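Enquirer: Letter by letter, the chains look like this.
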Amino acid sequence: MPNDDTNVMLRMEHIVKCYGDLVANDDVYLELHAGEILAVIGENGAGKTTLMKILYGMEQPSSGSIYLNGKELHIKNASQAIASGIGMVQQHFMLFDPFTVAENVVYGREPKKGLYFDVKKANSIIEELSLRYDLPLDPQEKIQGMPVGLRQRVEILKVLYQNADIIIFDEPTAVLTPQEVHELLGTMKHLAASGKSIIIITHKLNEVMEVADRAMVMRAGKHIADVDIKDTDIEELSFMMVGRHLVKKSVPMITPGEDVLRIENLHVQGNGSVSLIDNLSLHVAAGEIVGIAGVSGNGQSVLEKCIFGLQKADGGSIVVKGKDICNHTVDEVRSAGVSMIPEDRYIWGSASAATIMETAIMAHYKKPGLSRKGVLDMQALKKFANGIVNEFSVKTDGIQLRTSSLSGGNAQKLIAAREITQRTPLLLACEPTRGVDIGAMEFIHDRLIQKRTEGDAVLLISSELTEIMELSDRIYVMYGGRIHGEFTRGNVREEELGLLMVGGGHHEKLS
Amino acid sequence: MKSSHRIKQLAVSLAQPAMALSFALAVGVLAILVTKENPLTVYAAMFKGAFGGKYYFLTTLTRATPIIICGLGAAIAWSSNYMGIGGEGQMIVGGFFCAIIGLNVPGPAWFKVICAVGGAMVAGGLYSLLSAWLLDRFRMSLAISTLMFNYAAQFVTMHFTANVFQDMTGDGKLTQTLKLPQNMRLNRLVEGYSLHWGFIVAVGLVFLIWFLMNRTSFGYESRMSGFNVNFCDYGGISSKKVMYGMLALSGIICALAGVGEVLGVQYRYVHNTYVSSSYAWVGLNAALISGYNPIGILITSIILAGIQTGGAAIARSTSVPLEISSIIQGCITLFISAKIMFNFRRRRKAHDAPDKGSVAGSISVKGETR
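Each protein sequence line maps, in turn, to chains A and B. Residue 511 is where the first sequence ends in this note's numbering, and the numbering goes up by one at each step. Residue 881 is where the second sequence ends in this note's numbering, and the numbering goes up by one at each step.
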């Protein structure tokens, strides 16, 4: 293992990056040795991607410095990073479909014969590169119709052609099949053995254990630990990644009633070769909060959109109160007794240019008392909007102001208020407290518990493990579009969940 | 506190059109100086030619009538973020069908008028739905399809007017249909002046559209769809229905502008008159300047019509050419579109921001709008 200090190739010191009030990177330290594979791990929003964007010149740090081979470096943009020998294999491929492999790889720095593009030379260079790094590819094949794994290989060749010594992989396995993952990990080892240094950003710990030499753990923008992979295991890594902050909330015990939501064998294919939702079944009873834990991107947002009628399912059934609502319109789903706090308050939950009242009355305005035969009763609507603003203590100078004048927490409270006051038998709460302050979070949690205690069903989808542990009467773990485990309240440790969330551990079934 | 907020809002909404107008008049001063005339006298003459005296004022109002109606038609589509520019074609279709139905349907006059107006509205609505369908089915840009259809409408109706419905009683120099009988025509508001009842209908429409946009659930739905389509879909409103509904309505209203010209001014369909007076484009201008506010459209349409009639008046009395009013109008469009581009970029930026991670995104969205 190349672990002695003389071998340090890249050092990032005291990196701080702020977006407004939010500190995305808080005094982060990173060290990369020549020829090693370093895994940067952490939950979503831990600041991994921000750190890599800074290294690749896509973002400028608020403060801090970067040293490459002992010399300080100011990376202003991606081309400067490439010139310094830093390459990035993007999560979203940037390839020209109608062009060949060779044309894509040399794009921007083509070999020339006089004024003309030298196709033969390009092909031979790519052939030589792919042989040297064991990345079998036909230089003359067109990108069109290539499977994802091969496309990624083209991206890797692109970085190698740019002569990168440090290669960053941003969530490289997210879109791959297991076989492709296996091949990619082999490629990484091979690259490291031939002298390249590799940084892999991921939250899949089994892959980290298989391929990395060292791991750097980040949590909430902070550098938590540097560990050698040979001295650790998945349990310890997931513990460090998720952190421990166990505050118990008292939730009155009640006996759940009949099933309000029952999903059976739901299947969503999507466009790729990996199914987005794979034969998923679950149920939620009246008087129950059921949490779905999982790292985001494992099918949760597809699931919530499917239930709510915003995305088409390819198979299975979604039954609410005895009525199959699978592939029905949002309007029909709402009438069947479902409401939803959407996962993004600005993309789905509100219109920033609309007034607070207009945001507040969505899906309420057609009810008797608020409008009659398509004509809105403005007085009643004002009274209604003021009512929920007061009841949920949304801080504002008036409901005639724009929704964008609300702070994040207050906007979220407004949306939660709107959906909870629908008084539907089922509420989907998707990331209900993402990015809000503690006060708003506590408030929304209390309201969810109150709704459940009044005998309604709540399906809570959250990548925040603490939230899931605190509120849920029953917990499902979702990984790769499947249910990867099921537990009742108090019968699972956070570490165990963290492990299942990242694909580790055994598939457990509630007995 | 509440009322001071309202006054501030009103001031803000009036500031932009006022600025665009004064900038445009300033550019007009330069243009007038080139013709070696005194800008002040020219503007005074222009004002007199537009609003000074009963004859000029009523002529301006007559000219404003189709502009107001086209402005309303554009406003409802644009406010729900469907930026069609097919008002001209819709107006042509409306006028053409009104004339040929009115001339060819048998029965008493009241029946013929109902058929003519109803038929024109249906034709305008269906014609507009064609662009909506192309957008929905093939993602075809609404701006392009509606613009191209303007030409199709103009020349298809020309063909039928010239070859099927041509007025053979006169010298045949103008491509036009026969005149509608006396009893089908709209009455003059003031005897001896051109202003007709169509103006009253236009003012009625202003309030009707204001009510539709601000006091009905259909108006709420279309406004929300203009602000954020996702929010709309999530709320259970079919954004597709809103699109079809709004574009059909927009076509129907613009068709009424053509109906007004046929029943109130020319009493027949005359090829090219709507295009050469660019009613629909001035109407769109009025809608943009007033931020899609119907009452604003009423006022701006009259001002813009005044610039046109005033421009014609000074061309008669001074050496300043008629084009001066086109220059001023063009500058108003320019300054207003600068504002639209600015808003559009701001909105796009705010929309792109959440990609940077939802928390960071939400903060930058807030930053944008403050």
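Calculated from the structure, these hints are not laboratory results. Note that the coordinates shown come from a computational prediction; the quantities given were computed from them, not determined experimentally. All C-beta atoms, glycine included, are put in the ideal place defined by N, C-alpha and C. It is possible that some hints are incorrect.
Just the calculated beta-carbon pair ranges, DEER-fashion [to be verified]:
| hint | chain 1 | residue 1 | chain 2 | residue 2 | range |
| --- | --- | --- | --- | --- | --- |
| 1 | B | R726 | A | N390 | 23 to 33 Å |
| 2 | A | M378 | B | R650 | 52 to 62 Å |
| 3 | B | A663 | A | N327 | 18 to 28 Å |
| 4 | A | D27 | B | L536 | 24 to 34 Å |
| 5 | B | L719 | A | T329 | 22 to 32 Å |
| 6 | A | N386 | B | M669 | 50 to 60 Å |
| 7 | B | W621 | A | S317 | 54 to 64 Å |
Enquirer: Looking at the structure, which of the earlier hints fail to hold?
Expert: The structure conflicts with hints 2, 3 and 4, although it agrees with all the remaining ones.
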